[in-house]
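Novice: Using the hints, build the complex out of the two chains.
From first to last, the protein sequence lines stand for chains A and B. Numbers in this note's numbering are just positions in the first sequence, counted from 1, shifted up by 247. FYI, this note's numbering numbers position 50 of the second sequence as 33, with every residue one higher than the one before it.
Hints were generated in silico from the structure; no laboratory data involved. You can take every hint at face value.
Taking lysine to any residue pairs in the SDA-like style, the calculated list, with each CA pair at most 20 Å apart, reads:
id, chain 1, residue 1, chain 2, residue 2
1, A, 733, A, 330
2, B, 58, A, 413
3, B, 58, A, 627
4, B, 58, A, 387
5, A, 362, A, 321
6, B, 58, A, 520
7, B, 131, A, 553
8, B, 58, A, 544
9, A, 512, A, 542
10, B, 58, A, 336
11, A, 778, A, 744
12, A, 731, A, 753
13, A, 753, A, 706
14, A, 558, A, 531
15, A, 505, A, 472
16, A, 734, A, 277
17, A, 734, B, 49
18, A, 733, A, 649
19, B, 90, A, 526
20, A, 444, B, 62
21, A, 684, A, 753
22, A, 720, A, 744
23, A, 362, B, 54
24, A, 678, A, 639
25, B, 131, A, 552
26, A, 444, B, 54
27, A, 362, B, 55
28, A, 444, B, 55
29, B, 90, A, 552
30, A, 444, B, 58
31, A, 505, A, 536
32, A, 362, B, 59
33, A, 558, A, 507
34, B, 58, A, 416
35, B, 58, A, 331
36, B, 58, A, 363
37, B, 151, A, 552
38, A, 800, A, 774
39, A, 734, A, 812
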Amino acid sequence: MHSFHSMLNYFPEEVLEHIFDFLTSHRDRNAVSLVCKSWYAVERFSREKVFVGNCYAISPERLIARFPRVRSLTLKGKPHFADFNLVPNDWGGYVQPWIESIVRGRVNLEELRLKRMLVSDESLELLATFFPNFKSLVLVSCEGFTTDGLAAIASNCRFLRELDLQENEVEDRRGQWLSCFPDSCTSLVSLNFTCLKGEVNLASLERLVARCRNLRSLRVNNAVPLDALQRILAQAPQLVDLGTGSFVHDPDTESYNKLETSMQKCTSITSLSGFLDVSARCLPAVYPICGQLTSLNLSYAPGIYSDELVKLICYCNRLERLLVLDTIGDKGLGVVASSCKELQELRVFLSDVYGIGNTAVTEEGLVAISAGCPKLNSILYFCQQMTNEALIMVAKNCPNFIRFRLCTLNPTVPDAITMQPLDEGFGAIVKSCKDLKRLSISGLLTDQVFLYIGRYAKQLEMLSIAFAGDSDKGMLSVLNGCKKLKKLEIRDCPFGNVALLADMGKYETMRSLWMSSCEVTFGACKTLAQKMPRLNVEIINENDQIEASVDDKQKVEKMYLYRTLVGPRKDAPGFVWTL
Amino acid sequence: MERASAAYENDLNLKATELRLGLPGTDESSEKQSSRNYKRSSPEMDNSCQKDEQKCVPASKAQVVGWPPVRSYLKNVLHQKNDSDLSGMFVKVSMDGAPYLRKIDIKVYKNYPDLLKALENMFKCSIGVYSEREGCNGSDFSPTYEDKDGDWMLVGDVPWDMFITSCKRLRIMKGSEAKGLGCL
Chain A
248 MHSFHSMLNY FPEEVLEHIF DFLTSHRDRN AVSLVCKSWY AVERFSREKV
298 FVGNCYAISP ERLIARFPRV RSLTLKGKPH FADFNLVPND WGGYVQPWIE
348 SIVRGRVNLE ELRLKRMLVS DESLELLATF FPNFKSLVLV SCEGFTTDGL
398 AAIASNCRFL RELDLQENEV EDRRGQWLSC FPDSCTSLVS LNFTCLKGEV
448 NLASLERLVA RCRNLRSLRV NNAVPLDALQ RILAQAPQLV DLGTGSFVHD
498 PDTESYNKLE TSMQKCTSIT SLSGFLDVSA RCLPAVYPIC GQLTSLNLSY
548 APGIYSDELV KLICYCNRLE RLLVLDTIGD KGLGVVASSC KELQELRVFL
598 SDVYGIGNTA VTEEGLVAIS AGCPKLNSIL YFCQQMTNEA LIMVAKNCPN
648 FIRFRLCTLN PTVPDAITMQ PLDEGFGAIV KSCKDLKRLS ISGLLTDQVF
698 LYIGRYAKQL EMLSIAFAGD SDKGMLSVLN GCKKLKKLEI RDCPFGNVAL
748 LADMGKYETM RSLWMSSCEV TFGACKTLAQ KMPRLNVEII NENDQIEASV
798 DDKQKVEKMY LYRTLVGPRK DAPGFVWTL
Chain B
-16 MERASAAYEN DLNLKATELR LGLPGTDESS EKQSSRNYKR SSPEMDNSCQ
34 KDEQKCVPAS KAQVVGWPPV RSYLKNVLHQ KNDSDLSGMF VKVSMDGAPY
84 LRKIDIKVYK NYPDLLKALE NMFKCSIGVY SEREGCNGSD FSPTYEDKDG
134 DWMLVGDVPW DMFITSCKRL RIMKGSEAKG LGCL
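Pulled out of the complex, with its shape left as it was, chain B reads as follows (with noise of 0.2 Å):
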């Protein structure tokens, strides 16, 4: 029995079909180097998997303390700056089910409420009543956003600040599709 199912997994050629992380055809020592990469560093900068095929750990976007090594004072002034910038910042927003888009200046709204509030009147639905703990709850439609990586998050995760740095465009997910999301 056993022997046979040995046979059977040499046909398959498991191997060619593993998952795992690095290029195609690096071996074992690739390997190594890659879960060192786990071990040691929790990068927020995966973005670098997708643009250069490098070896890195999977998407947890956990910030390492003191990771860029950028001056607090610095970090701060940026910060600050994000929050005034004349410009504003326009975002598509569309609504599974309407037969067009819209366009809104997230730099206008100070924080999720007040964001989701908006949507709502705009597409008069009913996107649900956000809270810290949970995010979104009680909808049928759950907000979701494009971030700079190009990867479509929900919507309420990550502190307002980082939210209208990264946010790219707004989609408004029925609640079937959603449901995936853990919104509910």
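Chain A extracted, bound-state conformation (with noise of 0.2 Å):
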């Protein structure tokens, strides 16, 4: 061991960072960088890629510092929860004085993906002005920019290579901001604007698509007609991700003969969503490809009903990740697992949102899936109903879970046919599933499954859970036994202090805590924040401005903690409280 690190250090630099280029996963590099000084040094100077998973841990300017050859940055701002409503718009995560930064310090970004952050305007015409070489723009439910952003993108950018838009809430100004690629755009390989809802000019979304032979996946919005689509696909064959605008036509025409047409040239089209409108008269264009397809979204498309859904999947024997609506059924789940011997992943979305009437699919889906598909790993699942016989066979079936996220329609939903909680099924789950990173818990549940969590999930990174638990053991199973955990978001149970102060320094090892609804004090909080300076704990408190003296035993009811290298952030709003 000796003689091969002294070796190792005879090597000049280039040849240690020549080694490092083929660590490509940022966890890999981080590993690499805690080795010696020399190691910590070589890799970072040679970082191009680094992943912040939370923007508010570090600050630009330490970052640049350290790196200062990154070239492609991953930020992501608001907590998970806030997909749900909780957390309010603006509590923070702006990328704004990340771009700053960049600028003053004269990186040469190249690639900037953002998770629920916080984007405006004038952010996206910084990047377009002051980053010539900029490649990659990837944005997942951000907001706060308009169409005018995206056109400076569209305008400056000469090697725009890929402009990602996943589900983010964007203002439409009517400003034909795809009309602004110029004449000599040509290097475009990824287009995704499914989330607009405004139009486009569609005889410049033809033209770019002509000129742009390296296009490999487009994926268009609702306002993109169906013989639209027919000509982008006439002059795209070579697509391999497809994402439909509106699929609504007669179909006796004739240009939807040509649709026809058109889609079975496209023998590359592996990755198939959309159909946000669509006529299920329609879809037989679609079949030919069924065949190739490895990816199909079809979670936007509540128009295709489960008789539908069915024809078209059991075409897709190749399918290996899959999202529906429940709208599907569990007798379509049934089709799906004899249909999809290939599937590894699996999500059925809620259709009726407001809770009203009942979900489709119930345990019975569930095992039906896991008996079929025995390559699945990963699976997000709405159900109305669950029992432990179920789960426990389904742990059987699947041992190779890496996520598991099961959600009842009533969060504390018992076992249908024992009524007894379900603690034995998700215990069967972490118990089985050796690997698993993801779970989110759902139905009645007691300190027993968390008790079998902290046990068993021994490589558990992320853990959801909602009006679960009796008591703060509960807690303390999880944050005692899952030495892995990266990210626990919690609502709704009776948690509290000795949960909350038992191990102060495991949220230094931890990305995040979220708690809200539970039985944690103000006092608890101040304490943590006292003792543990390299933690954020943050109080959002919407209703009240936060008062000077608060009662120490008042409970608080949202609470978010994080480690931090830079202390309290200083653009909280007036709502958020950092102790």
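Specialist: What follows is the structure in structure tokens.
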């Protein structure tokens, strides 16, 4: 060992750097930089891609100081529960200071990936102006910008390869942003504007597609009609990933026949999505490519009912990833189980979002899938009811789960047959799935399920809990047992100060902890904040302005704490109080 | 006196006829669980009660913030879809005393006043003026509807968008029967 290490030290840095080049995962690179000072130095100068899981854990200045050659930056802002309206919009997560720092730092930024951040048109304009080599912009669940910002990107980023907008709230200014791509732009590989609500100039779009011969992924929005889609496909038979726009047409027209022909020529399409507006009679146009599909996302398409869904899916024998609404029903899932033997990831979303009626899937569908699809490793399942027996069977059939997320419509529903808590079922899952990294549990659950999680879920990194548990013991089991835990989010559980304060050092090994509507008090949060200077303990109190003299015994409505190297953030709004 | 009444209570075995949540034959511990349910979740999903005889809270259709955990983006997409569904939504309309029923497409209407006006025209009756605060007021007839759970509800309580997705049929009730619904 000794001689090996000394040998490695005789290698010039360039060689070390070359070896590190083979390490693509940021975790591997982080590990490597901890070995010794010289490796740290070599690594930091050669790092091009940086991942920041919490934008408030570090400052842009320090990041640039450590990684001056950074070319690709990934940033995440708001906590996950912001997706469900638990975090006010202006809580934070602004990208502007990051971009300003990167401009000042003369960084040659080429790629920016943001999730749950606030992005302004000004930020996008800065990007477009100061980064001539900018190649890739990926925005997921962001907001704060308009199509004017997109126009700036389109106009100025001459080498743009990727513009990927996923589920953002974008104000449409009707400024023809798409037409801003100059005729000289031929570099696009990926373009996704599904989430935009407004119209785009169809002629511009068709010309853009025609001249970008490397285009592999195209996802259009609802405003692009079927006949335009046909013309686009005719120009781009090389597409690998397609998101349709409006899929409504009279099937007895020449336009539709042309679509069928063009679709047949697209022999490279392996990923299909869209169908926000769909008429079932048009779906057969897609049948010719079903056999090639590895990924199918129909979760935006409540207009496709179970029978048509099933007809489509039974052709998709190579499917590895399927996203559907629960309108598919247990029977439909049975068809998936018998047709899609390569399935690895399944997401069944709620179609009835007001929770008025019943969902159409139960534990039966889940069991059928687990029995028919042995390669299943990731599931998100909204269902009406669940049983321990079903979960135990699923655990037996599929020991390879990496992600397991179950959501029952009634958050405290017990086992539908025995009326017992669902502890044993989830216990079986964590016991069987030794590689489980992400878990969301739901239903009637006692402290027992957390005992199981703490005991068996050794690889668990993210856990989401709602309306579960009996006492602090539950939370303690998780904190003590799950050594690799990175994110813990809890709502409406009887966990309090004892659990929160038992192992304060633990939170420095985690990215963040969210607790809302639990039993934690102000006093305990203050204590935690005092003892742990490298944690930001934020209290979100939307109703009243933060008073200086708050009763320590008062329960905290929403608490979000995260480790940070840069202390309390300066951009917190009035209703966020960093203790 | 007291002893007598105690004996009286024992004879009557009030426990057996006691109204509480839970399956017959369940005991104290299950009662405890159901009260815990009530404290922590104010469920909108009591439909499961009817279906599976589970312990749950009586119908209070209050919405828990952020549950079920559906991303707002997806919610908006599906919400919009409900509005622009091309297939229409025909429901039967019965009126107390009328010899036959009618059918209307409730997707055609934009809000409650529109719907009520159409019903008034169709049945040549006075259903009254709808107001946000008071629901229907000042008439002999009350519009009610059957929702997805099979319950009969007074028209006007829930937001319009929610109404059109949950309404399965309409019934215009005569004033005397409708009194209990607190319309007037």
